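These protein sequence lines are chains F, Y and S, in that order. Add 700 to a position in the first sequence, counting from 1, and you land on the number used in the working numbering. Add 748 to a position in the second sequence, counting from 1, and you land on the number used in the working numbering. Add 1400 to a position in the third sequence, counting from 1, and you land on the number used in the working numbering.
Since the hints were made in silico from the structure, they are not lab data. Keep in mind it's a predicted model, so treat the numbers as computed, not measured. Warning: the hint list may mix true and false statements.
For lysine-lysine, the following DSBU-like pairs were computed, each having C-alpha atoms within a straight-line distance of at most 30 Å [claimed, not checked]: (1) S:K1623 <-> Y:K1028; (2) F:K722 <-> S:K1466; (3) Y:K1128 <-> Y:K1101.
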Amino acid sequence: MQDHKDEIRHIVAQIGEVEIDKVGDETHFSNDLGIDSLRALELMVALEDKFKIRVPEEQLGRFTSVNNLTELVIELQAPGAVSSAA
Amino acid sequence: MTRRVVITGLGIVSPIGVGKEAFWQGLMAGKNGMSDIDAFDTSEFPCRRGGQVRDFVPSQYLSAESLSRLGSVSQFAVAAAKMAVDDSRLNGHMEPERTSVAIGTTNGEAPVLEEYCTTWVKEGYQQIDPQLIVRYPMHLIPEQVALEFGAEGQVVMIPNACSAGNWAIGFGADLIRSDEADVVLAGGVDTLARGAFIGFNRSFAMAPEMCQPFDKNRKGLMPGEGAAVLVLEDLDQALRRGAHIYSEVAGYGVSCDTYHITGPDPAGRGAVDATMSALKTSDLRPEDIDYISAHGTGTKPNDRVETLATKKVFGDLAKRIPISSIKSMIGHSFGAASAIEAVACSMAIERGKIPPTINYHEPDPECDLDYVPNEAREHKVEALLSNAYAFGGNCTVLALRAMR
Amino acid sequence: MSKRVVITGLGILSPVGIGREAFWTSLINGQTGIKPITLFDTSELACKTAAEISDFDPRVVLPGMKTGMLYRTAQLSCAAAKLGLDDAGIELDAATKPRIGVMIGNTLGVMQSYSEFYRGTLERGYLAASPLDFANTIAITVAGYVSVMFGVSSFNCVISSGELSSLNAINYGASFVRRGKADMVLAGGVEVLSLESYLLNYLPKFLSGSTPGQREFCMPFGKERNGTVLGEAGAFVLLEDYEHAVARGANIYAELRGFGVSFDSHAFVESAPRSKGLTRAISLAAKRSGLLPEDIDYVSASANSSVVKDKAEADAIRNVFGSTTDRLHINAIKSMTGESFSASAGVQVCASALALREGVIPPTLNGYEQDPECNIPLFSESREVKIKSALISASAVTGLAGALVLSTPQ
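Starting from the given sequences, assemble the full structure and let the hints guide the process.
The following block contains the structure:
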């Protein structure tokens, strides 16, 4: 889980164009980091690629913090999740 | 004395018909122009439908020599221009130095670039055909139109994406008003591009089945393709030669949101500004407007914001002005869209009927205006507005009125 | 009475320098920006040189702005806008932002980004398609990003007409000032160098040195010229309502005067005289300025070492200026900045505005024999000379030609 978190933090910093130490577990992507809806989609593509998952569109609302994303990734990696997303 | 600008010729290539009569019949019948796309392989995409042009026969409009020289996008544009000039009966009566061309687009000759990329990936860039790649630069599209008719005035491409057609018409009208031209061939063109199809699929902006502007259950836009060219002409010249006048270009308004590169300002600031500016430049009052041709893409944010902006400008009048989106029938043809809508608007003024918004089933509490649901309507139109908004927060509104 | 429009700011990023001062110092000292290409691998190409903005880093010009994921054209565009606004001393606030428009000349802005996006989908499948990269394939965003980044909201628009793009943008942009829609407009051109845009010119052998055995050399009006050398630039001016500029005590570089355009619909006919379109465009620009040809002191030529175009331009200048051609100051700065296509006339406008203000005209970088067929006077060292009116000419091989006159405001 910590590995996932660190990976996600790194991706968020890169796509959000912010220093990695600004990205805390509960830092809000849009309010605190200026990550807009387009960059959120970009995050989605990066997560899909990194963790070999498919993120259904209705889950985009959960793209708000590292903690929420980590939770989402773990859910989507669970057995059965991929087929429902595909 | 200010020169006035009128529309005296219409040419159109659309998914519901090629040529103004076929197009108009489609609009009046509420014809759905969506089909399964087969212009390229769509098998891996979740959304596969769109507005593909099916009955365009290039050789009806273009010589064999032109066909061998022109990319597919230029073919649409030149064919639409040819129909428009024929319709205006200006053939042979355009003074080269007083004739200009302004065309809008989103992607230009994207199919050329996609073919170039395919060769690059499969065989390496050294194998790219130089004769293919020289067709790519997008300013060649209006130049091909100019060559066809010997136009020697200003010749420009305005790649302002989904609002490009309105821009091209506005630009052209300015040339006539400022006495730089007597005739301008103005319009827009785009063809279905696989790259754009992927982009919209991947951004969750596309609807899977149908385009449902302003409906509560709308799911997104449907990509389309087409071209429209309008003959803009100096009023005095048009009167002198006894031309048929569809409508007058009363004015146009432009503005921009600075909210986001791809999404609209939730408060509709740019749309409101552009509408006010269109009314001001055309010397029209809100109560003069009989019809609004909506941008109406069928995405959640667009239709909500467009409705909001209309209410902000028109107040209590908003509920009484019919507003419809022909994108429900033909999809979103991007750079061609607002030029095609200008053709529909010109014919609405000419014929006293307005096209419907089809696929409209369930009202959305946030979209509570009269969207002319599902059936065309008899309605006298003296003055109208046509909205078009694009990426980059680019907002435009064209104002047309009946010739008086 | 139509409003007067003046230039009060220059936003220039060029191969000979970023920012007005670096650009001008290089030009008047005859320093070229043409050098071996570093932006992409040239090991499999016969040509190896171009005029790159090799030291461009958007983070330096645009501190605090998220521009890292924009395509290079949009980065340059935002940077040119920033430099132009700063040079004009504009404070961006609630009063000024709605009164500033954006009008950008650009033709190939998304050629690289669309290609990269599309090749990515071919190589890695559609799921790898990046939504941000997709936004970077839409040409209007080259203006849209300027509006969004700086919050300037009068309008934004892109105009594409090849080498004429910057002049079209400046002329159309000025019309919004004249009719009172905006007090100020960022207008000009931008075009970047990429392998994609290079191939567009290299594969059909438009470039100097693209035929093996040829010497690779940019020599506008030169006897042995054999094609152009590409460049890149972001070159905007801040157009401003004259009264507005005076009221805020702005530094005025020049006033916009007449503009002329012509499309030569016979340009593809081999036997047609190539100079016809530009001759008409230059005459129109002078006439609309209310000037006689002899009132114009300086011509900034668009010659770029192209065999056909340079000769046509020399002919056009002589057609219009006749016997007064020999007292004109004429230069071709593409000898130093390369051919930056949609941005090129914008670069010429920036240089001409500086020439008017500084009383110095940069040279045509020399070191080669002039073509006797290009019968116009050139010079190889900068000249100190007070001038009142400058004409910027631009022409494309496809038949488009244009000219713009700038004057010192009276």
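(message) Name the hints, by number, that the structure is in violation of.
(response) Violated: hint 1 alone.
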